[in-house]
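Taken in sequence, the protein lines are chains D and C.
Be aware that the first sequence starts at 1, since it is given in UniProt numbering, and climbs by one per residue.
Be aware that the second sequence starts at 1, since it is given in UniProt numbering, and climbs by one per residue.
Derived from the structure by calculation, the hints contain no laboratory data.
Just so you know, these numbers come straight off a predicted model, no measurement behind them.
Each hint should be verified, as a subset may be incorrect.
Said to hold, decoys possible - Once the Cα atoms are required to be at most 25 Å apart in a straight line, the calculated DSS-like pairs of lysine-lysine come out as:
{"id": "1", "chain 1": "C", "residue 1": "Lys276", "chain 2": "D", "residue 2": "Lys118"}
{"id": "2", "chain 1": "C", "residue 1": "Lys180", "chain 2": "C", "residue 2": "Lys33"}
{"id": "3", "chain 1": "C", "residue 1": "Lys123", "chain 2": "C", "residue 2": "Lys88"}
{"id": "4", "chain 1": "C", "residue 1": "Lys177", "chain 2": "C", "residue 2": "Lys323"}
{"id": "5", "chain 1": "C", "residue 1": "Lys341", "chain 2": "D", "residue 2": "Lys133"}
{"id": "6", "chain 1": "D", "residue 1": "Lys118", "chain 2": "D", "residue 2": "Lys133"}
{"id": "7", "chain 1": "D", "residue 1": "Lys329", "chain 2": "C", "residue 2": "Lys329"}
{"id": "8", "chain 1": "D", "residue 1": "Lys334", "chain 2": "C", "residue 2": "Lys329"}
{"id": "9", "chain 1": "D", "residue 1": "Lys267", "chain 2": "D", "residue 2": "Lys235"}
{"id": "10", "chain 1": "C", "residue 1": "Lys390", "chain 2": "D", "residue 2": "Lys133"}
{"id": "11", "chain 1": "D", "residue 1": "Lys180", "chain 2": "D", "residue 2": "Lys28"}
{"id": "12", "chain 1": "C", "residue 1": "Lys180", "chain 2": "D", "residue 2": "Lys33"}
{"id": "13", "chain 1": "C", "residue 1": "Lys33", "chain 2": "D", "residue 2": "Lys180"}
{"id": "14", "chain 1": "D", "residue 1": "Lys341", "chain 2": "C", "residue 2": "Lys133"}
{"id": "15", "chain 1": "D", "residue 1": "Lys33", "chain 2": "D", "residue 2": "Lys323"}
{"id": "16", "chain 1": "D", "residue 1": "Lys329", "chain 2": "C", "residue 2": "Lys334"}
{"id": "17", "chain 1": "D", "residue 1": "Lys4", "chain 2": "C", "residue 2": "Lys118"}
There are 2 protein chains.
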Amino acid sequence: MIEKRNTISMEQAREILRNQITHLPVEKINIGKALNQVLQEPIFAPFPAPYFRRSGYDGFAITETDDENYPITLRVVAEVPCGETYDKPLMPGETVRIMTGAKVPENASKIIMLEQSKETNNKKEITLINTQKTSNITEVGAEFAQGDLLLDRGHILNAGSISLLASFGINEVQVIKRPKVAILSTGSELVSVGNLLPDGKIYNSNQPLLENLLQIHHAEIHAAEQLPDNYLETKKRLMELTETADLIITTGGVSVGDFDFMADIAKDEAELLFNKIQMRPGSPTTGMWLNNTLIIALSGNPGACFTGFYLLVEPVLATLMGKDQTATKQVQAKMATDYTKNNGYDRFLRGTYQLSETGEFLVEPVGSDMSSALGNLHLTTCLLKIPRGKVGKFTGEEVEAWLLSSK
Amino acid sequence: MIEKRNTISMEQAREILRNQITHLPVEKINIGKALNQVLQEPIFAPFPAPYFRRSGYDGFAITETDDENYPITLRVVAEVPCGETYDKPLMPGETVRIMTGAKVPENASKIIMLEQSKETNNKKEITLINTQKTSNITEVGAEFAQGDLLLDRGHILNAGSISLLASFGINEVQVIKRPKVAILSTGSELVSVGNLLPDGKIYNSNQPLLENLLQIHHAEIHAAEQLPDNYLETKKRLMELTETADLIITTGGVSVGDFDFMADIAKDEAELLFNKIQMRPGSPTTGMWLNNTLIIALSGNPGACFTGFYLLVEPVLATLMGKDQTATKQVQAKMATDYTKNNGYDRFLRGTYQLSETGEFLVEPVGSDMSSALGNLHLTTCLLKIPRGKVGKFTGEEVEAWLLSSK
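Pulled out of the complex, with its shape left as it was, chain D reads as follows (with noise of 0.2 Å):
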């Protein structure tokens, strides 16, 4: 009646599942959709910056000859405003009258600054008084010559890389593809919110979960849906669902019950990876191909769909975005208080942190360590890691904890 089953530790399902893919495809896509993705080819700058000899400052610009004797009184044969330009070769005798940002006119090799001159009678001249040893010009190149790596593959691309692109006219860049997940809900008991809630029935908390903690990886919500529990029907779904999704997440029917279609699915339909992991809370977390798609089904318990989220989920998203390390955080931590719950599981609780004075990470559990709660999940900010086999961890033990990304 009952179904034994091979466990394994957490950090060997992370392995396994960490073996089992790699980043998705490559595509081109605007800048203005690229934050947070993984660039996939070096760019280079495709013309020197600036392109042109730019003026620093608001002033007049002069001739080599004209550097000497101050002050000096030139014609001003025209004005530029950023933006334009004075095509001519400016000549001995002659200023322009040029604007921050503007492109210094050929033979120009100094930029006058404008508190540096005073009006003439005649309009048409200007006298310049000069104090300053530096030209006030930018050289083409100054920041980058043509040919520079600008941006590496593998860089995450972000509001300052997007500017820099921007810079240079590049509109498109390949990226690694964001990964498309779906997330499906099971269980007869389950409600969406805003509906009436019958006797015996919960709302289902796990869906809005998923949802903002993969907006908040940058993942795709492909679909997020909720069944009740039927093999078929959860059969069905899950079939049409590995047509276009990258990544199914499910909840609930994991364990060894009679109505636990998820797990009934792993071992008939599916190839299985895992259905057994040495942690509490999620034991039952289980990891499947199923038509060649990823599917991750976590408890239905929101305190281990939400744990199971950041140690096994997001490292599966980091690894399908390319991205060589998780957002969250792994950490060697010390505990701030005793736990001293005895466990034959590693326990991974949830907990808050704070950096102390002598920069160590003190971490302390947060709430309730039942997988059912979910009255503390809003308040974690990190998971800390008591092992099984021993009578909890005391204050001022180590503890691995990991740091959770929450925005």
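Following the hints, complete the assembly by docking chain C onto the known chain D.
Coordinates of chain C only, in the frame set by chain D:
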């Protein structure tokens, strides 16, 4: 010819801006769109959680009367999957096959785990062995009593708190509105990415920079436009934008040149807050009210625009959103290198930081300190302040730093 401006410190400019504004009005929104918004009402549990006595295991529900003299053989009167109910009181001699998470029948006092059961020859009966002391029943209100405070006013909604709301069927909440921010890049030299680049012009990199920075900080981009240097056109568009935007960020035109029309609009049309900050880059950064809308007019130099966003715009966004902390975190740090350039103004360098083993933030400049430089924005993880009137900062010296939020 040259206008004299009153200078204030960056800290004073922040303070002036902070004192000018308060949080935006409240709106009722669906929880599906509420991530990162600030709750503006306390939320109390509308019913206890769980609201029914919940089975913690797959097994058999028994009455207190039968809970002795094991093994016992009982008549199986019903099967209660998750989400269904057995609506008669359980009688001595009877048992109900019950699933994890299902409602425990009236009169039942314990769930005997499936593992402790043995089938009999009579399919309508089951033999139960008991080695357990606990009831395996989660009582009504075990996690939250009706009326318990779930989330307090001021809480920033995250994945966990949204799932908590969902679990109570709470579909809508009162939050502070997201600010609608308009971006207006001014400059006749600007060309939008995707177009050909005429000589002397440059691609507009500030607009994508600000769009992404606003997205990262959860503001709503209300408009993102660029205009040539033209007083009337700029004034007209600003006036239109003030009708609908909560905040306008402009770039360019704030200096003292002949084409710096933002500076003129600030003086002639608006209520000027400041137009000269003792900071580099970005000293001509201007704050003003125009038609009851706050405008922060940043320098058009990419380095100044980036720095100004984090030091001046981000705190305004946080205040508008009702957040009592900025995403940008100010810390005391230590210089990891020398920076020995003299400067009449406070200098805010783009830099990187790391946490030392002893818990100190070690910071150092990254790339160029030029206002016009944009090759280091994507590498910048902090800003650091080199105060004026000193020959820089030396390795090991204390320095103020701002850790940037970039995801």
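To see whether the hints hold, each was checked on the structure:
1. A C-alpha spacing of about 24 Å is found between C/Lys276 and D/Lys118, which places the hinted pair at or below 25 Å, so the restraint holds.
2. Using a Cα cut-off of 25 Å, the hinted pair C/Lys180 and C/Lys33 holds, with the two alpha carbons roughly 15 Å apart.
3. Straight-line distance between C-alpha atoms of C/Lys123 and C/Lys88 comes to about 21 Å, which keeps the hinted pair within the 25 Å bound.
4. With a CA separation close to 12 Å, the supplied pair C/Lys177 and C/Lys323 stays within the 25 Å bound.
5. Among the hinted pairs, C/Lys341 with D/Lys133 is consistent with the structure: their alpha-carbon atoms are about 17 Å apart, no more than 25 Å.
6. A hinted pair counts as satisfied when its Cα atoms are at most 25 Å apart, and D/Lys118 with D/Lys133 qualifies at roughly 19 Å.
7. Annotation: proposed proximity of D/Lys329 to C/Lys329 holds, straight-line Cα distance about 19 Å (limit 25 Å).
8. For the suggested pair D/Lys334 and C/Lys329, the alpha carbons sit about 24 Å apart, so the restraint of at most 25 Å is met.
9. At most 25 Å may separate the alpha-carbon atoms for a hinted pair to count; D/Lys267 and D/Lys235 meet this at roughly 12 Å.
10. About 23 Å separates the Cα atoms of C/Lys390 and D/Lys133, which keeps this hinted pair within 25 Å; it holds.
11. A distance of roughly 16 Å separates the Cα atoms of D/Lys180 and D/Lys28; the hinted pair therefore holds under the 25 Å criterion.
12. Proximity of C/Lys180 to D/Lys33 is assessed by CA-CA distance (about 20 Å); at most 25 Å being required, the pair is judged to hold.
13. Of the pairs offered as hints, the one joining C/Lys33 and D/Lys180 holds, with about 20 Å between alpha carbons and a cut-off of 25 Å not exceeded.
14. In summary, the hint linking D/Lys341 to C/Lys133 is supported, as the alpha carbons are separated by about 17 Å, within the 25 Å threshold.
15. A threshold of 25 Å between alpha carbons decides the hint, and for D/Lys33 with D/Lys323 the separation of about 17 Å falls inside it, so the pair holds.
16. Taking the CA atoms of D/Lys329 and C/Lys334, the gap is about 24 Å. The hint holds against a cut of 25 Å.
17. Restraint check: the Cα-Cα separation between D/Lys4 and C/Lys118 comes to about 17 Å, which is no more than 25 Å; the hinted pair holds.
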